[in-house]
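J.: Full structure from sequences and hints, please.
Mapped onto this note's numbering, the consecutive letters of the sequence shown carry residue numbers 1 to 124.
Calculated directly from the structure, the hints in this document are not laboratory data. Wrong hints could be hidden among the right ones.
[Unchecked claim] In silico BS3-like cross-links for lysine-lysine, where the CA-CA straight-line distance does not exceed 27 Å: (1) K116 x K104; (2) K74 x K27; (3) K9 x K27; (4) K16 x K67; (5) K27 x K42; (6) K16 x K27; (7) K116 x K16; (8) K70 x K116.
[Said to hold, decoys possible] Simulated DEER-style distance windows between Cβ atoms: (9) S60 x D112: 32 to 38 Å; (10) I4 x K74: 15 to 21 Å; (11) S121 x G55: 17 to 23 Å.
None of these values were measured; they are calculated from a predicted model. All C-beta atoms in this analysis are idealised placements derived from N, C-alpha and C, irrespective of residue type, glycine included.
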Amino acid sequence: MLSIDLDEKNGIAILKPDGALSEDDFKSAASIIDGYIEKAGKLNGIIIQVESFPGWDSFSGFTAHMKFVKEHHKEVSYVALVTDSLLAEFAEHIVNHFVSAEVKHFSFDALDDATKWIEQSTQQ
Numbered sequence: 001m002l003s004i005d006l007d008e009k010n011g012i013a014i015l016k017p018d019g020a021l022s023e024d025d026f027k028s029a030a031s032i033i034d035g036y037i038e039k040a041g042k043l044n045g046i047i048i049q050v051e052s053f054p055g056w057d058s059f060s061g062f063t064a065h066m067k068f069v070k071e072h073h074k075e076v077s078y079v080a081l082v083t084d085s086l087l088a089e090f091a092e093h094i095v096n097h098f099v100s101a102e103v104k105h106f107s108f109d110a111l112d113d114a115t116k117w118i119e120q121s122t123q124q
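T.: Written as structure tokens, this is what we have:
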């Protein structure tokens, strides 16, 4: 399951995975985020907060994730990975080569810092 909280005032979507990610999780996220982007023109940032990466429930979950990234990476300015997962450091460096958003890693308990980073970055 993927919890999606959209802060419309600041243009930030906070995604909190709880268990293996499914195709429906990404369809739901796309529906919420696309509706906001249609109104606002773009999304300032996405925060992904999870203690450790839960993986996908199936190959269709994985492909839906890749499709979500492909269709949204040009509409998002910043991505914060808020996690203690060892994959985050690796992901931060690799993902920056494939998406137009700036990606930064924060520890799992630093959600406020991640939010402030996106808010301050978009005010410059």
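J.: Against this structure, judge whether each hint is valid.
T.: Each hint, compared with the structure:
1. K116 x K104: The given pair, whose Cα atoms are some 12 Å apart, holds under the 27 Å limit.
2. K74 x K27: Satisfied, since the Cα-Cα distance of roughly 18 Å is no more than 27 Å.
3. K9 x K27: 23 Å, holds
4. K16 x K67: 18 Å, holds
5. K27 x K42: 18 Å, holds
6. K16 x K27: 15 Å, holds
7. K116 x K16: The hint holds at about 18 Å.
8. K70 x K116: Holds, because 26 Å separates the two Cα atoms, which is no more than 27 Å.
9. S60 x D112: 32 to 38 Å: This hint holds: roughly 35 Å between Cβ atoms.
10. I4 x K74: 15 to 21 Å: The hinted range 15 to 21 Å holds for I4 and K74, with Cβ atoms some 20 Å apart.
11. S121 x G55: 17 to 23 Å: Because 30 Å falls outside the window, the suggested range is violated.
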